[in-house]
Amino acid sequence: MKISLNHLKTYVDINVSVEELCDKMVMAGFEVESIEKQGENLVNVVAARILEITPHENSDHLQICQMDVGGKAPVQIVTGAQNISEGDLVPAALHDSHLPNGMHIMAGKLRGVESNGMLCSGEELCLTDADYEGASVYGIMILHGDHAPGTDMREVLGLDDYIIDFKITANRPDCNCFLGVAKEVSVVLGTTYNPPVPQYSVKGERITDYIDVKVENYDLCPRYIGRVVRNLRIKPSPVWMQKAITSSGMRPINNIVDITNFVMLETGQPMHAFNYDDLANKQIIVRNAVAGESITTIDGKEYNLSEDMLVIADGEKPSCLAGIMGGKESEIEDDTKNLFLESAKFRRDNIRHTGRALGIRTEASGRFEKGVDIINVEFAMERALQLIEELDAGDIIDGTLDRNSGLPEDRIITTTVKDVLALLGVDIPEEKVVNILNSLGLETTLENGILTSKIPSIRDDIEGRADLAEEVMRIYGYDHIIGTPMRGTVVRGTKLPERIKCDKIKSLLCGMGAFEIATYSFISSSAIDTLKLSAEDERRKTIKIINPLGDEYSTLRTQLITSMLTVLSTNINRKIENGRFYEISKRFVPKALPLTEQPLELNTMSIGVYGKDEEFFTLKGIIEEIMKLFGAHTQYERSNEPYLHPGRQALVKANNKAVAVFGEVHPITAAEYDIEQRVYVAEIKLDVLFSIEKRKTTYKPLPKFPAVERDFAMLCDREIPVGALEKAIISGGSRLLEKIELFDVYEGSQISEGKKSVAYSIWLRSAEGTLTDEQIESTCNRIIKKLEEAGAQLRSK
Amino acid sequence: MKEQIELIVAAAKKAVDEASDEKQIDEIRVKYLGKKGELTALLKQMGSLSAEERPIMGQMVNEAKAKLEEIVGAKQIQLKEKATELKLKAEQIDITMPAKEAKVGKLHPLNTVLNDMIDIFQSMGFDVLDGPEVETDHYNFECLNVPADHPARDMQDTFYLADNLLLRTQTSAAQIRTMENRKPPIRIICPGRVFRADEVDATHSPVFHQIEGLVVDKNVTMCDLKGVLEQFAKEIYGADTKVKFRPSFFPFTEPSVEVDVTCSECGGKGCRVCKGSGWIEILGAGMVHPNVLRSCGIDPEVYSGFAFGIGLDRLTTTRYKISDIRLLFENDKRFLDQF
Numbered sequence: 000m001k002i003s004l005n006h007l008k009t010y011v012d013i014n015v016s017v018e019e020l021c022d023k024m025v026m027a028g029f030e031v032e033s034i035e036k037q038g039e040n041l042v043n044v045v046a047a048r049i050l051e052i053t054p055h056e057n058s059d060h061l062q063i064c065q066m067d068v069g070g071k072a073p074v075q076i077v078t079g080a081q082n083i084s085e086g087d088l089v090p091a092a093l094h095d096s097h098l099p100n101g102m103h104i105m106a107g108k109l110r111g112v113e114s115n116g117m118l119c120s121g122e123e124l125c126l127t128d129a130d131y132e133g134a135s136v137y138g139i140m141i142l143h144g145d146h147a148p149g150t151d152m153r154e155v156l157g158l159d160d161y162i163i164d165f166k167i168t169a170n171r172p173d174c175n176c177f178l179g180v181a182k183e184v185s186v187v188l189g190t191t192y193n194p195p196v197p198q199y200s201v202k203g204e205r206i207t208d209y210i211d212v213k214v215e216n217y218d219l220c221p222r223y224i225g226r227v228v229r230n231l232r233i234k235p236s237p238v239w240m241q242k243a244i245t246s247s248g249m250r251p252i253n254n255i256v257d258i259t260n261f262v263m264l265e266t267g268q269p270m271h272a273f274n275y276d277d278l279a280n281k282q283i284i285v286r287n288a289v290a291g292e293s294i295t296t297i298d299g300k301e302y303n304l305s306e307d308m309l310v311i312a313d314g315e316k317p318s319c320l321a322g323i324m325g326g327k328e329s330e331i332e333d334d335t336k337n338l339f340l341e342s343a344k345f346r347r348d349n350i351r352h353t354g355r356a357l358g359i360r361t362e363a364s365g366r367f368e369k370g371v372d373i374i375n376v377e378f379a380m381e382r383a384l385q386l387i388e389e390l391d392a393g394d395i396i397d398g399t400l401d402r403n404s405g406l407p408e409d410r411i412i413t414t415t416v417k418d419v420l421a422l423l424g425v426d427i428p429e430e431k432v433v434n435i436l437n438s439l440g441l442e443t444t445l446e447n448g449i450l451t452s453k454i455p456s457i458r459d460d461i462e463g464r465a466d467l468a469e470e471v472m473r474i475y476g477y478d479h480i481i482g483t484p485m486r487g488t489v490v491r492g493t494k495l496p497e498r499i500k501c502d503k504i505k506s507l508l509c510g511m512g513a514f515e516i517a518t519y520s521f522i523s524s525s526a527i528d529t530l531k532l533s534a535e536d537e538r539r540k541t542i543k544i545i546n547p548l549g550d551e552y553s554t555l556r557t558q559l560i561t562s563m564l565t566v567l568s569t570n571i572n573r574k575i576e577n578g579r580f581y582e583i584s585k586r587f588v589p590k591a592l593p594l595t596e597q598p599l600e601l602n603t604m605s606i607g608v609y610g611k612d613e614e615f616f617t618l619k620g621i622i623e624e625i626m627k628l629f630g631a632h633t634q635y636e637r638s639n640e641p642y643l644h645p646g647r648q649a650l651v652k653a654n655n656k657a658v659a660v661f662g663e664v665h666p667i668t669a670a671e672y673d674i675e676q677r678v679y680v681a682e683i684k685l686d687v688l689f690s691i692e693k694r695k696t697t698y699k700p701l702p703k704f705p706a707v708e709r710d711f712a713m714l715c716d717r718e719i720p721v722g723a724l725e726k727a728i729i730s731g732g733s734r735l736l737e738k739i740e741l742f743d744v745y746e747g748s749q750i751s752e753g754k755k756s757v758a759y760s761i762w763l764r765s766a767e768g769t770l771t772d773e774q775i776e777s778t779c780n781r782i783i784k785k786l787e788e789a790g791a792q793l794r795s796k
Numbered sequence: 000m001k002e003q004i005e006l007i008v009a010a011a012k013k014a015v016d017e018a019s020d021e022k023q024i025d026e027i028r029v030k031y032l033g034k035k036g037e038l039t040a041l042l043k044q045m046g047s048l049s050a051e052e053r054p055i056m057g058q059m060v061n062e063a064k065a066k067l068e069e070i071v072g073a074k075q076i077q078l079k080e081k082a083t084e085l086k087l088k089a090e091q092i093d094i095t096m097p098a099k100e101a102k103v104g105k106l107h108p109l110n111t112v113l114n115d116m117i118d119i120f121q122s123m124g125f126d127v128l129d130g131p132e133v134e135t136d137h138y139n140f141e142c143l144n145v146p147a148d149h150p151a152r153d154m155q156d157t158f159y160l161a162d163n164l165l166l167r168t169q170t171s172a173a174q175i176r177t178m179e180n181r182k183p184p185i186r187i188i189c190p191g192r193v194f195r196a197d198e199v200d201a202t203h204s205p206v207f208h209q210i211e212g213l214v215v216d217k218n219v220t221m222c223d224l225k226g227v228l229e230q231f232a233k234e235i236y237g238a239d240t241k242v243k244f245r246p247s248f249f250p251f252t253e254p255s256v257e258v259d260v261t262c263s264e265c266g267g268k269g270c271r272v273c274k275g276s277g278w279i280e281i282l283g284a285g286m287v288h289p290n291v292l293r294s295c296g297i298d299p300e301v302y303s304g305f306a307f308g309i310g311l312d313r314l315t316t317t318r319y320k321i322s323d324i325r326l327l328f329e330n331d332k333r334f335l336d337q338f
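Going down the list, the sequences are from chains A and B.
The numbering of the first sequence is numbering that gives the first Met the number 0, which starts it at 0 and goes up by one.
The numbering of the second sequence is numbering that gives the first Met the number 0, which starts it at 0 and goes up by one.
Hints listed in this document are in silico derivations from the structure and should not be mistaken for laboratory results.
Hints are not guaranteed to be accurate.
[To be verified] SDA-like cross-link-like pairs, simulated, lysine to any residue; straight-line CA separation at most 25 Å:
no.: 1; chain 1: A; residue 1: Lys503; chain 2: B; residue 2: Ile117
no.: 2; chain 1: A; residue 1: Lys494; chain 2: B; residue 2: Leu106
no.: 3; chain 1: A; residue 1: Lys784; chain 2: A; residue 2: Leu736
no.: 4; chain 1: A; residue 1: Lys23; chain 2: B; residue 2: Lys268
no.: 5; chain 1: A; residue 1: Lys36; chain 2: A; residue 2: Ser185
no.: 6; chain 1: A; residue 1: Lys543; chain 2: B; residue 2: His137
no.: 7; chain 1: A; residue 1: Lys505; chain 2: B; residue 2: Leu106
no.: 8; chain 1: B; residue 1: Lys182; chain 2: A; residue 2: Met485
no.: 9; chain 1: A; residue 1: Lys540; chain 2: B; residue 2: Lys320
no.: 10; chain 1: A; residue 1: Lys703; chain 2: A; residue 2: Glu740
no.: 11; chain 1: B; residue 1: Lys243; chain 2: A; residue 2: Leu507
no.: 12; chain 1: A; residue 1: Lys166; chain 2: B; residue 2: Asp25
no.: 13; chain 1: A; residue 1: Lys684; chain 2: A; residue 2: Leu507
no.: 14; chain 1: A; residue 1: Lys494; chain 2: B; residue 2: Asp25
no.: 15; chain 1: A; residue 1: Lys166; chain 2: A; residue 2: Glu39
no.: 16; chain 1: B; residue 1: Lys243; chain 2: A; residue 2: Leu188
no.: 17; chain 1: B; residue 1: Lys243; chain 2: A; residue 2: Thr771
no.: 18; chain 1: B; residue 1: Lys105; chain 2: B; residue 2: Gln121
no.: 19; chain 1: A; residue 1: Lys431; chain 2: A; residue 2: Gly463
no.: 20; chain 1: A; residue 1: Lys652; chain 2: A; residue 2: Ser690
no.: 21; chain 1: B; residue 1: Lys43; chain 2: B; residue 2: Asp25
Please work from the sequences and hints to get the whole structure.
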């Protein structure tokens, strides 16, 4: 809500500086978005007298002016304007000056002739006739009055005002207007509030002879007031009104339109003016649109209406889109003779829906959406009529057509001062509480400890004692609230087990050199296609946002791989040589599609690694550490994720539950992300991992007796996975086997075709004593036997 | 013979003095003290002495032997120390050479800051909870005193997934779920991801993070709210930090306040960071609206409470002076490595 300080002063006494006023208003709940000092963007522009005009030799339209700018010597300025004469006083922007339209003027040459500034038009100074008579002329603005050359233009224009932009919170639509703000200012400063008191005289004729008003839908239009004004005398409105309107960001049109806009800005109640003579059958009907109806609004656009939209119709057709925009046909024009004036309350959600559906938002519809007061509807009409008389804009016909379904009584809240203050924890004298509430227009009495407040309909945000507490506190001052330390038995708060587990994984991953990333929960609708999943894959069953910010952010993710690939791609393409990343977030799994209930939100982790030291097995190492953290018994099986290299991927089972998939990214998928090198990703279902019951860690005694190390080199078919050999060694070594380590796998010239050589070191140890040769011998023989069963032949021992 | 001993000892002493490495010392030891050494040779000559002289001479030789051994031993230690010293000196390295990188990752800056906050609130007795990111209209709006036609719905543009399902616009929804499931006294925080239909730019993101706090008990007042927030602000911004309440509006609290803290950059004097005001807005808070308590089955005549919502992203960007919120979601390793 932008408001001119000078105009605000016509309603309320302001005895403090603009800064102090704004500080106090902020502390009363009215944030100040900006304070704009008028003329702030008009710098180094002065009134200057034209001493001499000579033509420019190299131009048929440029003229060279010698200007008296108040200094000793004249200043030469070249202009293209033709409406000037020697002796004229004009605005001159000197070297290094700033204009309100954003221009920065510097000395220079125009077709070879030196020019030390610019003579200004009204438009360049952002002025119209409303601001300064003659400013709208085509050409240079000629100044009138007697100003010494060199006088700053801000002084010439009388720019001594401030425009304050107050941010009005959604609970205070009553302050979206001059009077609402003025009332608050008066309470905050403790000064007198002088709202206008509407008075006007009427012509003897009766309104009922002119028009009939009918409301068919009181639900959407609880109150509608109509008046008729004859013999319009349309002309520009006075400068004070134009200034008030432009200060608040609207444009002056003519006296009638300006009065409706001014009253809206002043009272918060939008008004609408109809050309009476264009109303068919002299009827106003407030009704829902009929299917197939359309309207052309004053901006010339045609809208097709649906039955849930409210219109103000004449006897034949919609004449106005209720509360949003008037119709072209009944628009007020310069030759309009008679006026039908409307002030009404429309239901706010209906206005919002209609506005959204048609894509229109106006000053009026914005106010109806926030809510207007049903009582204020009448005050606004009275005020408009007062201004019509004051501006001699027409003859007011006697009689008001006021259609409503009943007006509300003031609501009564009864409570006690103690209960009000209980929420605040501050001691405020009872009398002070009563005074504050009264000053805010909430008629309040205190009798026998009972506080009774009458709440006018314009403050329908006040429902109970909590609201009264806020009203009292914001005026009494929040700096009176003194912090008290936490009371009651304080014990350290708890964390959910999932959070604790996630924290553990995160510190493990950070310790392994991985960086935690954060990516959006939604991805593009096509991102999932980069994984080349089959049509039936569950991960394709995604939840779509109905109103996304574009396709890029339209789909809730069912996996974290695509986001991880995007991050790997970003880093790779920025020439970062290597990286380890992880993310813990949620995957959204719908229970049914279309969505009928909240989806499952499952904790999921992704890992991504790349760089010269990374390979399938470094990622496997990371996975193994995570599995160890949860004491999981881990198995690896071949998997077939289409987005992973078919020969370099694995499914991880923890205690026989599928918990993760990892591997090298398929080059086709990688290419979708502009990745040309090998990258490795994993996705871990933390919800599954967390469900594993972790055994308690108990200490194992350190070995007392020495271990025996033996190496086994063997030959087997290359298809046999080393995992199978490992299994054989473990089963053969049984309880004496302490550790096995694969130290060589070889395929090549010394080995027959289709075979590979595999070599292990194994350590045997007993907790009971030093191993005897017999024990070692028999264990090794058992291992060899098991290896043979698994298809491996010992090469040497 | 006595003279002979003295001569040998003198010669040996001289040789020891002149020795400059361990090898020479070894040679000296062999020459004088070894089995075929000069002193040993003297002992062998004792057969030619009288019975009276023999023990006296034997003693003299042994004493000389012991003395020489001591001298040789001392010199040996001295030379060993010297050799070590020389070796270490030769091994000097350029300590300004680059380190061999210890590979350590980092938490995302958002979570580093979040963990600090969780720690502070946990120590004040707040349980840390979690809530669903896909919420029902009921929990995200209705229960929070924002009915369908309420103008406050315009304050937050919501992503809808179905008629009554949406991506939560605030962690406040978790308040309701908590109050439905726990009875007062309640003291919780709920950190989480929230969503609003804001176009992406340097200061806006459709995905961001909040920490919701809620306390419900008998006789809870705004002074208690201020006390908790002061404690929080002091731990996050330093012991001298002051807290200021400014009236504001949220549908789910009444009274509602915006909370400012003294600018940590200038200490409240006014600077570029705080735009000259000396204060920085960090969160919104208020007393839980009676309608909200009621909708969760808590009698507002018996209990009162306060709630606050802290923007984690903003806190993170101000702490590290990150100029563009998009950097948080871009995940450039060089960025992530800075925190």
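Pair hint outcome, Lys505/A versus Leu106/B [Cα-Cα no greater than 25 Å] | Cα-Cα ~7 Å, so holds.
Could you grab the alpha-carbon distance between Lys503/A and Ile117/B and see if it respects the 25 Å cut-off?
-> Holds - the C-alpha atoms of Ile117/B and Lys503/A are around 15 Å apart, at most 25 Å.
Under the criterion that the straight-line Cα-Cα distance not exceed 25 Å, is the pair Lys166/A, Glu39/A satisfied?
-> 22 Å, holds
Are Lys243/B and Leu188/A close enough, with their CA atoms no more than 25 Å apart?
-> Answer holds: Lys243/B to Leu188/A is near 21 Å, not above 25 Å.
Measure nothing beyond the straight line between the CA atoms of Lys703/A and Glu740/A; if it is 25 Å or shorter, mark the hint as holding.
-> Holds: Lys703/A and Glu740/A sit about 22 Å apart, inside 25 Å.
Hint consistency between Lys105/B and Gln121/B [alpha-carbon to alpha-carbon, up to 25 Å] | 23 Å, holds
Does Lys684/A pair with Leu507/A here, judged by a C-alpha cut-off of 25 Å?
-> The given pair, whose Cα atoms are some 17 Å apart, holds under the 25 Å limit.
Verify the proposed pairing of Lys243/B with Leu507/A, using a straight-line Cα cut of 25 Å.
-> 40 Å, violated
With a cut-off of 25 Å on the C-alpha distance, tell me whether Lys652/A and Ser690/A pass.
-> Distance ~13 Å between Lys652/A and Ser690/A Cα, so the pair holds.
Going straight from one Cα to the other, do Lys166/A and Asp25/B come out at no more than 25 Å?
-> Given that 25 Å is the threshold and the Cα spacing comes to 96 Å, the pair is violated.
Given pair status - Ser185/A, Lys36/A, alpha carbons within 25 Å | At roughly 22 Å apart (the allowed maximum being 25 Å), Ser185/A and Lys36/A satisfy the hint.
Is Lys43/B within 25 Å of Asp25/B, Cα to Cα?
-> 22 Å, holds
Of the numbered hints listed earlier, those contradicted by the structure are 9, 11, 12, 14 and 17.
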